[in-house]
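**Student:** Take a look at the letters that make up each chain.
Number of protein chains: 2
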Amino acid sequence: MAETQVRFGILGCADIARKVSRAIALASNATVTAIGSRSLDKAKAFASANNLPTDAKIYGSYEAVLDEPDVDAVYVPLPTSLHARWAVLAAQKKKHLLLEKPVALNAAEFDTIIEACESNGVQFMDGTMWMHHPRTAKMREFLSDKERFGQLKSIHSCFTFAVNSEFLKNDIRVKPDLDALGALGDVGWYAIRSILWVADYELPKTVTALHGPVFNEAGVILSCGGCLYWEDGQVATFYCSYLSNLTTDITAIGTKGTLHLHDFVIPFQEHEASFSAGTELGFNELVTAWVPQPSKHTITTHLPQEVLMVKEFASLVEGIKVKGSRPDKKWPTISRKTQLVLDAVKASIERGFEPIELGS
Amino acid sequence: MAETQVRFGILGCADIARKVSRAIALASNATVTAIGSRSLDKAKAFASANNLPTDAKIYGSYEAVLDEPDVDAVYVPLPTSLHARWAVLAAQKKKHLLLEKPVALNAAEFDTIIEACESNGVQFMDGTMWMHHPRTAKMREFLSDKERFGQLKSIHSCFTFAVNSEFLKNDIRVKPDLDALGALGDVGWYAIRSILWVADYELPKTVTALHGPVFNEAGVILSCGGCLYWEDGQVATFYCSYLSNLTTDITAIGTKGTLHLHDFVIPFQEHEASFSAGTELGFNELVTAWVPQPSKHTITTHLPQEVLMVKEFASLVEGIKVKGSRPDKKWPTISRKTQLVLDAVKASIERGFEPIELGS
Numbered sequence: 001m002a003e004t005q006v007r008f009g010i011l012g013c014a015d016i017a018r019k020v021s022r023a024i025a026l027a028s029n030a031t032v033t034a035i036g037s038r039s040l041d042k043a044k045a046f047a048s049a050n051n052l053p054t055d056a057k058i059y060g061s062y063e064a065v066l067d068e069p070d071v072d073a074v075y076v077p078l079p080t081s082l083h084a085r086w087a088v089l090a091a092q093k094k095k096h097l098l099l100e101k102p103v104a105l106n107a108a109e110f111d112t113i114i115e116a117c118e119s120n121g122v123q124f125m126d127g128t129m130w131m132h133h134p135r136t137a138k139m140r141e142f143l144s145d146k147e148r149f150g151q152l153k154s155i156h157s158c159f160t161f162a163v164n165s166e167f168l169k170n171d172i173r174v175k176p177d178l179d180a181l182g183a184l185g186d187v188g189w190y191a192i193r194s195i196l197w198v199a200d201y202e203l204p205k206t207v208t209a210l211h212g213p214v215f216n217e218a219g220v221i222l223s224c225g226g227c228l229y230w231e232d233g234q235v236a237t238f239y240c241s242y243l244s245n246l247t248t249d250i251t252a253i254g255t256k257g258t259l260h261l262h263d264f265v266i267p268f269q270e271h272e273a274s275f276s277a278g279t280e281l282g283f284n285e286l287v288t289a290w291v292p293q294p295s296k297h298t299i300t301t302h303l304p305q306e307v308l309m310v311k312e313f314a315s316l317v318e319g320i321k322v323k324g325s326r327p328d329k330k331w332p333t334i335s336r337k338t339q340l341v342l343d344a345v346k347a348s349i350e351r352g353f354e355p356i357e358l359g360s
Numbered sequence: 001m002a003e004t005q006v007r008f009g010i011l012g013c014a015d016i017a018r019k020v021s022r023a024i025a026l027a028s029n030a031t032v033t034a035i036g037s038r039s040l041d042k043a044k045a046f047a048s049a050n051n052l053p054t055d056a057k058i059y060g061s062y063e064a065v066l067d068e069p070d071v072d073a074v075y076v077p078l079p080t081s082l083h084a085r086w087a088v089l090a091a092q093k094k095k096h097l098l099l100e101k102p103v104a105l106n107a108a109e110f111d112t113i114i115e116a117c118e119s120n121g122v123q124f125m126d127g128t129m130w131m132h133h134p135r136t137a138k139m140r141e142f143l144s145d146k147e148r149f150g151q152l153k154s155i156h157s158c159f160t161f162a163v164n165s166e167f168l169k170n171d172i173r174v175k176p177d178l179d180a181l182g183a184l185g186d187v188g189w190y191a192i193r194s195i196l197w198v199a200d201y202e203l204p205k206t207v208t209a210l211h212g213p214v215f216n217e218a219g220v221i222l223s224c225g226g227c228l229y230w231e232d233g234q235v236a237t238f239y240c241s242y243l244s245n246l247t248t249d250i251t252a253i254g255t256k257g258t259l260h261l262h263d264f265v266i267p268f269q270e271h272e273a274s275f276s277a278g279t280e281l282g283f284n285e286l287v288t289a290w291v292p293q294p295s296k297h298t299i300t301t302h303l304p305q306e307v308l309m310v311k312e313f314a315s316l317v318e319g320i321k322v323k324g325s326r327p328d329k330k331w332p333t334i335s336r337k338t339q340l341v342l343d344a345v346k347a348s349i350e351r352g353f354e355p356i357e358l359g360s
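Sequence order for the protein chains is S and C. In this text, residue positions in the first sequence follow UniProt numbering: the first is 1, and each later residue adds one. In this text, residue positions in the second sequence follow UniProt numbering: the first is 1, and each later residue adds one.
For the record, the hints were derived by calculation from the structure and aren't laboratory data. A couple of the hints might just be wrong.
27 Å max Cα-Cα, derived DSSO-like pairs, lysine-lysine [said to hold, decoys possible]:
| # | chain 1 | residue 1 | chain 2 | residue 2 |
| --- | --- | --- | --- | --- |
| 1 | S | Lys323 | S | Lys311 |
| 2 | S | Lys169 | C | Lys146 |
| 3 | C | Lys138 | S | Lys296 |
| 4 | S | Lys138 | C | Lys296 |
| 5 | C | Lys256 | S | Lys169 |
| 6 | C | Lys296 | S | Lys296 |
| 7 | C | Lys175 | S | Lys256 |
| 8 | C | Lys93 | C | Lys296 |
| 9 | S | Lys19 | S | Lys175 |
| 10 | S | Lys330 | S | Lys311 |
| 11 | C | Lys256 | S | Lys175 |
| 12 | C | Lys311 | C | Lys93 |
| 13 | C | Lys296 | C | Lys323 |
| 14 | C | Lys93 | C | Lys42 |
| 15 | S | Lys256 | C | Lys169 |
All values derive from a computational prediction rather than experimental measurement.
Bound conformation, chain S alone (with noise of 0.2 Å):
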């Protein structure tokens, strides 16, 4: 039986809605059919230098993708403060949504796309593509194992890299009026993202920003940081910025075992992805070196991360539209909670780093 292919539209030429058509393209079950920008001629560009499907329209506006019969789902690419309005209107329109990160200005507002999604029917996911490396099955597989990783203890995490001057002055995600949230929905979302899979999604009971975030001339977060603790007693700290050279780390430790990676957001290579992972680990008698050493896992991947998570978010649709499923839960609820402690640690820097306790 042939698969099934979900009729993707892109709302907007975004540099990253490149990388998302070409994985449409790869994925099996997916495939642009539409794109829609607020210049035709922009549309038109983008399409040919991307190759899209020869029939795939070509609007001169996101109303018309979102009107057009042959989109099944829409992939939002625009900047933060427009995803409201035109999230809400695609699932309004009974489009499946994939929604670039961060998926809000904050909690609330968030809410009222989950809303719309959740009575129309429309599957949501977010854009954070590492999610779906089969590294990250396997590494969750190395934390819930009590006897490899035993309790989790503490988490770091930081995405940092460094942007040049073009960008502080002219990239969307500077300008409060488009990407109010700065660096910390756009690399702290990543690094938040991190700790809550590494919590296995437990979101914890306070949130308190670390002192010295730097904002720029129009007070958009360009670094910052934040300690997240749980009551339990698990402790983690972030740190996320565009000022500091390109760094993607995180490090779990349990009562029994260390994982660590440095590559967790996009991976050193696109085929092949490595983590290191120690399982009671010690020194050796004299103490002058350990008995055993971590190690290295590496996992191939025909197919890189942001095909697999479009082959992912296609074949819910599917399931959806084939098989009449209900929309998967698990999708909107981590976005929802990667958005709340985001929405903590901006509280927190607001309130003079007090901590900021989160309800549940």
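Given the coordinates of chain S, work out where chain C should sit on it, guided by the hints.
**Tutor:** Then chain C, alone, in the frame of chain S:
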């Protein structure tokens, strides 16, 4: 010309003294000439089990070692609460001082040790072995290089290891009358030192403890962490624990470079050690892989780090003895800074996680 040998006395038979007595034997400019314990039998057993030179004096007290004319320097691995008494007495007896960490119960107490060393013209050094590994010098070159590392922005360090129930009951490091600083004074010492080392020993302006430290019934810290903030915006976080799998990490991120290592305290192997360094790392055009990637640097060493520590210390002692040099102030200065930060973490915990301002 034959190398002068600095003659060491060892105070006590602590486990760590086995490693250091081997290091003294392996250091070409050092030899053990005396050992003292409160129990003569224990001192004899230690001397025999650790192949001390057959003509080494064996005493049933610490005083006797300090009174021994054939001793130039003492290695003091006694419990922290005994440091001030025996270190000051050693200095007064003109014995140079290699003192285990934490150097004292607090900086004020350490100052009495330093004053005794200064007024008696003896060298002071603490027993932080990794400082002396050639890898450490190689990493310093990277961190100091404005082209490869740029300006320091953030640091994360941790040292955790999982102790057994016997340790939790009986080890001196969990006894309030012996090592009142617990895990903070032991493993936390290394984490804090590593942060200061990355920051080129510039003291932070403010130190805040992480929430959720764990104490034993006697009130001794078993796990804790902290955040350090510098005047010009650098931030550091650390975590230390007796309740988590062995993990020893340094991550240092600059505007242009990133340094990672996972075995900073004791290298995975005795004669070879690595670190990862990357400069101006970035993603490829489609953001699906890294170009360039960080690279691994491996340093071999014929002599393990504890031998290099003894050699360095003995060489300073020899300079004083033979050439009339002044004691080197670098080592007591960085010990004191480490202790100051450690004190601030403890004070922050005691004051409900308030930020503690550090004087200069």
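**Student:** Look at each hint and say if it fits the structure.
**Tutor:** Status of each hint after checking the structure:
1. S:Lys323 with S:Lys311: Holds. Lys323 (chain S) to Lys311 (chain S) sits at ~17 Å (cutoff 27 Å).
2. S:Lys169 with C:Lys146: Answer holds: Lys169 (chain S) to Lys146 (chain C) is near 24 Å, not above 27 Å.
3. C:Lys138 with S:Lys296: 24 Å, holds
4. S:Lys138 with C:Lys296: 24 Å, holds
5. C:Lys256 with S:Lys169: Holds - the C-alpha atoms of Lys169 (chain S) and Lys256 (chain C) are around 20 Å apart, at most 27 Å.
6. C:Lys296 with S:Lys296: 14 Å, holds
7. C:Lys175 with S:Lys256: Cα-Cα ~24 Å, so holds.
8. C:Lys93 with C:Lys296: Not OK: Lys93 (chain C) and Lys296 (chain C) at ~47 Å, beyond 27 Å, violated.
9. S:Lys19 with S:Lys175: The given pair, whose Cα atoms are some 23 Å apart, holds under the 27 Å limit.
10. S:Lys330 with S:Lys311: Measuring from Cα to Cα gives roughly 16 Å; hence the hint holds.
11. C:Lys256 with S:Lys175: 24 Å, holds
12. C:Lys311 with C:Lys93: Holds - the C-alpha atoms of Lys93 (chain C) and Lys311 (chain C) are around 22 Å apart, at most 27 Å.
13. C:Lys296 with C:Lys323: 41 Å, violated
14. C:Lys93 with C:Lys42: Given pair Lys93 (chain C), Lys42 (chain C) holds - Cα atoms ~24 Å apart, limit 27 Å.
15. S:Lys256 with C:Lys169: 20 Å, holds
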